[in-house]
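Participant: For reference, the chains in residue letters:
2 protein chains.
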Amino acid sequence: MAEGRPDLVVGVDLGGTKILARAVEPKTGTANDRVKMKTPAGPAAVLDALVTTITQVDGWSDAAAVGIGVPGLVQRGGIVARCPNIEGWDHPVPVADELTERLGRPVIVANDVNCGVVAEHRLGSGRGFTSLLAVFVGTGVGGGVIVNDHLAEGDRGMVGEIGHLTVEPGGRPCGCGGRGHLESYAGRAGIEGEARRRAEAGGPELLVELAGGGPIKSRHLATALAKGDPTTLELLAEAADALALTIGNVATLLDLPRVVLGGGVVDKLGDPFLDEIRQSRRFGGFGPDIVELVSAERLDDAGAIGAALLAAERVGALVEA
Amino acid sequence: MAEGRPDLVVGVDLGGTKILARAVEPKTGTANDRVKMKTPAGPAAVLDALVTTITQVDGWSDAAAVGIGVPGLVQRGGIVARCPNIEGWDHPVPVADELTERLGRPVIVANDVNCGVVAEHRLGSGRGFTSLLAVFVGTGVGGGVIVNDHLAEGDRGMVGEIGHLTVEPGGRPCGCGGRGHLESYAGRAGIEGEARRRAEAGGPELLVELAGGGPIKSRHLATALAKGDPTTLELLAEAADALALTIGNVATLLDLPRVVLGGGVVDKLGDPFLDEIRQSRRFGGFGPDIVELVSAERLDDAGAIGAALLAAERVGALVEA
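If you read the protein sequences in the order shown, they are chains A and B.
Note that this note's numbering has the first sequence beginning at 1, numbered continuously upward.
Note that this note's numbering has the second sequence beginning at 1, numbered continuously upward.
Just so you know, the hints here were simulated from the structure itself, not pulled from any lab data.
Every residue, glycine too, gets a C-beta built ideally from N, C-alpha and C.
Check the hints yourself; a few may be wrong.
Said to hold, decoys possible - Only some residues are given here: those of chain B computed to face chain A with a beta carbon under 7 Å:
#1 162
#2 165
#3 253
#4 257
#5 286
Based on the sequences and whatever the hints tell you, model everything.
Facilitator: Shown next, in the form of structure tokens:
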């Protein structure tokens, strides 16, 4: 294998629509210009596109390793079992092994949300804590856990599925087929589903009206909230309660001094929403006094940079540097 | 500092009534004869007693390190903030630093339940899994978490307080002052409290009668269950539901293939109780299909041996061996 500069790693964010790659200095998080490319359909074309993108990165020839964040289920050894947002990726592909061979450098593959958590821990709002939970509240609810300064990794690539923790046994239907999961109360799609169910049952329809023919977006929630819409107030109070119960429980179990919250819903609703979580009467475990809730720093390219940091750590580049 | 055999470590279980110490080979868990001593009152006397006990252990002069499991809140750096079961230990004592100086060997201090979890992970029912949750259901409910093959450690010595995760916001009062915590439904004391409340309210009194003037013990639960007592059936179903909700959620968050259950209540009620947890309709997260529930192996001296394994790991004795 080629030997690169141990202080330079290429980080890649593989998204449903675009691939983004850049060289990163893991010690500082400093990154050079990004290379972008459209994400093609099918795993084989995606692998080709990844090779093209990565080898175009300025500094590639010096890089010691590559880290790739992917929007899917990543099993041990960098096997990507499925990527719901990439057409035709419905079967396991050994991405790490194939690209390690083609690129002649160690390639590390991880879930993109987990990469974002690593970036937030090393460079963002989670700096300085040995343990951390990050929760991203968007269409769904995802997250990741840092324990003993390292990203928690499960055996089956599903670690951090905080959106599927049960907050109300037998409660609202969840997209996964379960019931009463956090995501069905706090995720944008879960809130939308409940708003539409209530509207269909004859309740007030402000959110549905604001959305027009499209989805109810985070900004519609913010607008309806500003207007004092009772349904929106109630749905967001339930979202805050669900987050408070889950976050309090995880913070108690893992003794977390801080939890970082990000994602579209949190970004659009801002501090008042964090306050509603903090003040929830359903806050779990030892309660809000033991854990500080802060916004994510919304790091630029957190996925690509987090992937690079993770790769640097795993191949020991930082240690050798 | 004296240099010992890197393959020999002294493990100590500091209990409320007795101190137990023995030399352990961390690679195999093999331990020699134990030295026992009564636990005296007050931290100063306990430290003296620990030195006496440890230096009497066969093999002490060769040992590379000492690990001590204590029944209290252990902060970073081996400071024991409090030990409710040891008279007069209501203020922080830097146990690790003091004993390291007096013994001339690295001394590692950890919570005794966490030591038990390490033993179960390395030598018991958790062998072979990189992540693990162990839950001990006794008077209260305690536990510990292994992530990436290492014991999860918080900043404040409270990691593993699974008994204080909320299962029912606003629910039963918990000994900690909170409400609706797992422990108040599944712990022996929580079950006893509810049984007595129901009896005082005029409900059936079998459990209270079986206990006579003393506490309702796990064996009384088993007896009442065997007699088909409706109150006991109901209380244990609620206990199983609370455990199922919490265990399912934690297994989902951390992607755990296996959870180990131990402690007096689990031991006395046996497999039928584990089945009741597995079949609970309130099982949390992705449900019982993703996680296997197994009994702890009830390792002999799990506390002392776990403490030794933890010490060996932390001082790198295994690596040097």
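Participant: Against this structure, judge whether each hint is valid.
Facilitator: Hint-by-hint comparison with the structure:
1. 162: holds (6 Å)
2. 165: Residue 165(B) check passes; min Cβ-Cβ to chain A is 4 Å, inside 7 Å.
3. 253: holds (6 Å)
4. 257: Status holds, d = 5 Å.
5. 286: OK, holds: residue 286(B) within 7 Å of chain A, min 6 Å.
Taken one by one, the earlier hints all hold for this structure without exception.
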